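J.: Chains as they are written, first to last, in our numbering: chain A, 1 to 287; chain B, 1 to 287; chain C, 1 to 287; chain D, 1 to 287.
To be clear, the hints were calculated from the coordinates, so they are not data collected in a lab.
None of these values were measured; they are calculated from a predicted model.
You can trust all of the hints, since none of them are fake.
In silico BS3-like links for lysine-lysine, alpha-carbon gap of 30 Å or less:
no.: 1; chain 1: C; residue 1: Lys182; chain 2: C; residue 2: Lys67
no.: 2; chain 1: B; residue 1: Lys151; chain 2: A; residue 2: Lys275
no.: 3; chain 1: A; residue 1: Lys4; chain 2: B; residue 2: Lys180
no.: 4; chain 1: C; residue 1: Lys260; chain 2: C; residue 2: Lys94
no.: 5; chain 1: B; residue 1: Lys194; chain 2: A; residue 2: Lys4
no.: 6; chain 1: B; residue 1: Lys174; chain 2: A; residue 2: Lys194
no.: 7; chain 1: A; residue 1: Lys194; chain 2: B; residue 2: Lys4
no.: 8; chain 1: B; residue 1: Lys4; chain 2: A; residue 2: Lys182
no.: 9; chain 1: C; residue 1: Lys8; chain 2: D; residue 2: Lys94
no.: 10; chain 1: B; residue 1: Lys239; chain 2: C; residue 2: Lys151
no.: 11; chain 1: C; residue 1: Lys141; chain 2: C; residue 2: Lys173
no.: 12; chain 1: B; residue 1: Lys141; chain 2: C; residue 2: Lys151
no.: 13; chain 1: A; residue 1: Lys67; chain 2: A; residue 2: Lys218
no.: 14; chain 1: C; residue 1: Lys151; chain 2: B; residue 2: Lys67
no.: 15; chain 1: B; residue 1: Lys8; chain 2: A; residue 2: Lys182
Number of protein chains: 4
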Amino acid sequence: MSLKFEKKPYFMPVFFSGEDDHGINDTSFHEPADINVISLTYETDREALESIIPDCYELLEPYVNIKFCEFFGCSWMAGKGYTLINVNCPVRFKGERDEMEGDLILVMFENHADPIIGGRDSMGYAKYFAEIPLIEKLNGKFSCKASAWGKPFLEMTVDTNVKASEEDIEEIKKVEGRAKGKFQYKYMPKVREKDEPYEANYTTPDCAYPVVLPAFEKPVDYPYELGASESEWGMGSIKLTPTAWEDWPHGWRIGAGLAKLQPKRIIAARHFTYKDPGVYYTCYILR
Amino acid sequence: MSLKFEKKPYFMPVFFSGEDDHGINDTSFHEPADINVISLTYETDREALESIIPDCYELLEPYVNIKFCEFFGCSWMAGKGYTLINVNCPVRFKGERDEMEGDLILVMFENHADPIIGGRDSMGYAKYFAEIPLIEKLNGKFSCKASAWGKPFLEMTVDTNVKASEEDIEEIKKVEGRAKGKFQYKYMPKVREKDEPYEANYTTPDCAYPVVLPAFEKPVDYPYELGASESEWGMGSIKLTPTAWEDWPHGWRIGAGLAKLQPKRIIAARHFTYKDPGVYYTCYILR
Amino acid sequence: MSLKFEKKPYFMPVFFSGEDDHGINDTSFHEPADINVISLTYETDREALESIIPDCYELLEPYVNIKFCEFFGCSWMAGKGYTLINVNCPVRFKGERDEMEGDLILVMFENHADPIIGGRDSMGYAKYFAEIPLIEKLNGKFSCKASAWGKPFLEMTVDTNVKASEEDIEEIKKVEGRAKGKFQYKYMPKVREKDEPYEANYTTPDCAYPVVLPAFEKPVDYPYELGASESEWGMGSIKLTPTAWEDWPHGWRIGAGLAKLQPKRIIAARHFTYKDPGVYYTCYILR
Amino acid sequence: MSLKFEKKPYFMPVFFSGEDDHGINDTSFHEPADINVISLTYETDREALESIIPDCYELLEPYVNIKFCEFFGCSWMAGKGYTLINVNCPVRFKGERDEMEGDLILVMFENHADPIIGGRDSMGYAKYFAEIPLIEKLNGKFSCKASAWGKPFLEMTVDTNVKASEEDIEEIKKVEGRAKGKFQYKYMPKVREKDEPYEANYTTPDCAYPVVLPAFEKPVDYPYELGASESEWGMGSIKLTPTAWEDWPHGWRIGAGLAKLQPKRIIAARHFTYKDPGVYYTCYILR
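Can you make the complete structure from the sequences, with help from the hints?
T.: What follows is the structure, encoded as structure tokens:
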């Protein structure tokens, strides 16, 4: 008897895979996690940002939003916690069928390999590992950073003692309120055929398509309370240090690329907490 | 201007990708790493092992080989090091075109996310993260372990004070000498279409094909010395502890599956060191 | 010019030391941290517990209390966070001058070396390093563990779905309400004289005395809010796994010793949060 | 029955202590570890260096030597490994009884808390925790760094492609060959008396004395081979980044102090390996 691929989810290593369910019917996955967030939005160079976005997405405002999120008690991770950084920009998808506004996730750093592997292989989330410590908090000022192989490449502060303008706060609320989902671009390079030269390896895709994870809608019978805290608005700073191959051989292009998206102006920043059940099975291919 | 996918390697996040080369022409990738290995081969239940292997591969001896490998000075990682565990069994691939014997990698644990992501997305290596400390050595006895979220699931010792039989050592040499490459099964689940039910998500593949990384052949003009140390043969022990969803929500099936491959007999074990340049661009799809 | 020891705090390496202040006058040290706690109290064998307590302390109830505490935003650590485990029992100090009831800290595990070194060298806190992940939370059940070199030796759950008896809850409140401070025993072994045999090394003390850190009293002009959340009471479990020299060469006696304090009865457990400013300069020698 | 302090080694927590032996008679402690080293010596400002050295030590050459050492298979740590950085300068101790030349260890960074706590409390080694990755090696160039809370403060390279002058190599050999031991200054601050003001806490010592660990002399009946590899001499670089309280609340004075010892001239650097049994019971108080 050998492994037969049935019509159910498989992930590498396939030899130990064949999931019966990925949380749809498992109520132990549904309790929301507690999430502590510092978020900052800045304006960057429109051309620099547009140059890295595939055609199917249209950049709206030339804004980059960065959220450091501490997750505690994730039911979909059996109650464990971890930290992620979501780097995104506001875009509109316009396809033959779908038209939708949302956040294009340029990269999502996480400090544990398990959610990275899971999110990449399923939804095509642009996840990557980074060392991310706990968010620091001192007298109303929050700070955090991301490092690769011990070298910080992304440092952020949110200072709630410094006030953002009401106008800028409204601008952020408008942009965030408009988003109907999280956009990705799932891509996997193909292994060469035996008779192709080495140079051909990985130069065409196994798959390449846009994906959306729609914003979570609380089911009528959802038994848990959700909701977010009031935002503590403030201003902040962002430091993007370019990385070279020697620093980070597998991921240096990410650090180098982020460093090309330098801030022209910090718009506003904030600290808040919220609850989220982590529902990931609703994503679909955009057409 | 937007991101156009040219004919070159892309990896997620594609927004910061588009590699010019993946080591073929970059001589700084060619210096060999120093590798310290403890290796153990055991016999397991043939049916248990066959049941997890896809049809395209035929199990030869019902052996499981486990290697803990410390890598130091990997040029393909800019001189950095890390640790991996290679769990494999001897198989024959028999397709319409190719017929070949080699090691099917059931799972490869690594203690850093970067080589995991790189190896999964390119060659379809069945890589997964585990916490792997340095190999311990005390009075001729080596030991090491792999843990997930702080819980050990794979513990191995190699004791060079206890002798393996000459016959068993010859058996290992025969099996290892026969292998012409490392076999994988590249698999990526597909995101559902918008009008499919949630349950359909990830139940069909984006790609699903067997792959081989042929054994490295030293080029005529290769400037570095390679070679392996003498093996210090011995015996050893292996402890496979089943894991549950609560222990390891994303990877528990791997720990649970390995625990079904319990040893019936330890054949032999050894410690050795070798040098390897880490050439990964030669892999191809088996047909 | 050379290093002169003035009348101020020095810690090793003394070459880079000579603190001007340790937080007494530095208001940036005074903001409270947010602390997330799971706590469990159990009854153990009275003789086993008494046998490890120095004469100057008298054991009251034969109870062991274990608290896992996640600290976020510690101002005395410049806003950083970490995790500790406080293992303590209720005792009375009775000296020539002082008489006082409080918690004798048998061992305090922390997951970062800096507070360990600081607390040991100043107050003689019985601190030791352990790997301590974030507290897990799933459907009202909390769990956490401590490991040394990758091997768990202390695992604890607190299940708020299971109710403790009112009587037992009152017992815990009585014991905890009575404590007037945290007791320690500061001890440092002395280096031998040149003409003493090697065996004499470290067999007499540089210092050996009981210490108390009095419970924090909020100053009249303290500008921050303190206070604790309501306790979510429940029951729980504790798993103490003995450790051997091979597992944990420097600390194995701690794991082995804790395992001799096995629970005879779980009294009650709870989850709560509180705020604490981390004032450590008030401790003094008990006489 | 209560804890009685007998004439044997105790370490905090004393409740779980009372060692029978610390390796003198335990032959499993005597197998040498394999150590991989990169070492660099530079000249610094004499006055800056003298200003941090206590009177009992006289600075010889104004040199700072920094060694990054990877330890593998330490028998005194049950076969485990770890990494340390030894920052030292050549001094002469001149007391009433003893006169001796050796290396004054200004600070020793280690990447695990257990040897730190052990070495501080016994010999008064100026040990401190730092994050230290594996030594990188790429085309004859070695590099490594030390970080605190994710921020690098000490970065070093040793490039064996660049040659040191014969004269400078001889100078290093002379200085290193002269050393008869490793010098420390054991210091522990005292807890205040109850009636002393808070400001008095820790401002006088529990102990304060110079210590030496004599160079290891191989016993006549020592059964293991020792010895060092040939040195691969080269040149290198050192980067000392000052640290502030916000970066590293407990240890920032160390990073800030090291940054005052900037190199005026790199003398020479090298890579080598050696074997060492880790004998620490021979240290004594200098008089």
